[in-house]
Amino acid sequence: MHVDSIKGKLHAHVEPNVRISVSGADRAGIVSSVTTALAESGLHILDLESDVGGDERQPIYIMHIEGYANEGTDSLQAAVDLIREQGIDIHMVPVDTVIG
Amino acid sequence: MAKLEVLKYPDPLLKEIAVPVSSFDDELRTFVSDLLETMMDGPGAVGIAAPQVGRLQQIVIVDISSRPKHPNNGRMILINPEISSWEGMSAGREGCLSLPDYTGNVIRAERIELAAQDERGEKRIYRCEGFEARAVQHEMDHLEGILFIDRLVSRRNDLFKRKVYR
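So the protein lines, in turn, are chains Z and R. Per our numbering, the first sequence starts with residue 42, numbered consecutively. Per our numbering, the second sequence starts with residue 38, numbered consecutively.
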């Protein structure tokens, strides 16, 4: 075992500028297909939480992602629209934080 | 100009009530320019209130012109500000220089009208909406000793730990 020191970088934060909500019928690989497409369009994921609901016969997958759109929200919106065409319910809203 | 130290929660001064400004002199104007420099030094800050640097007077600066997609009044020096009307409600994300490790979802009025004095004591009337209205309400809360964490509906759903990255 060895121990590496890390820098805490206290108060050095990156603010998310988009929030993305995903839901749909649960299936293997849904996280991978969504996050890969978003990453290729410049999304830097800062936080991701997910849950499976519904019942055993019809499991529903729900995911919320907050992140930073490196290449702006337009190219990300195009990726979101493409994912939606695959039958996944996905919405993106901008996050703009008042700091004061 | 000099940058001032920003007090961090739980400093007790952040929970105090600020008193109105009565003399509009050079000392006040020097303080306002120091407060402005302090705000501009805060990463991404669009506002600041005097109690955040330990001065318990009704002095606020709001300037969201760095976010030009939001309608705005430019730099507003708000001394003895009073909101005269509110309209609409919406939830939005707020962070604070005095609480640097968290953000939260807070419900605020969407449109406000307010009267204030500038640093020379001249009376000003402003109409603000959306992001700018939110910033004004956030800063004016500091004059009442209220922080955004006091306005969260749910700590579990509305409070976010800010991420350290890179």
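Certain hints may be false.
As the list claims (entries may be wrong) - List of simulated lysine-lysine pairs, DSS-like, C-alpha gap at most 30 angstroms: (1) Z:K48 x R:K40; (2) R:K106 x Z:K48; (3) R:K200 x Z:K48; (4) Z:K48 x R:K198; (5) Z:K50 x R:K45; (6) R:K160 x Z:K50; (7) R:K200 x Z:K50; (8) Z:K50 x R:K198; (9) Z:K50 x R:K52.
Quick caveat, the hints were computed from the structure, so don't treat them as lab data. What you are looking at is a predicted structure, and each value in this text was computed from that prediction instead of being measured.
Each hint, compared with the structure:
no., hint, result
1, Z:K48 x R:K40, "holds, 26 angstroms"
2, R:K106 x Z:K48, "violated, 35 angstroms"
3, R:K200 x Z:K48, "holds, 14 angstroms"
4, Z:K48 x R:K198, "holds, 18 angstroms"
5, Z:K50 x R:K45, "holds, 17 angstroms"
6, R:K160 x Z:K50, "violated, 43 angstroms"
7, R:K200 x Z:K50, "holds, 10 angstroms"
8, Z:K50 x R:K198, "holds, 14 angstroms"
9, Z:K50 x R:K52, "holds, 28 angstroms"
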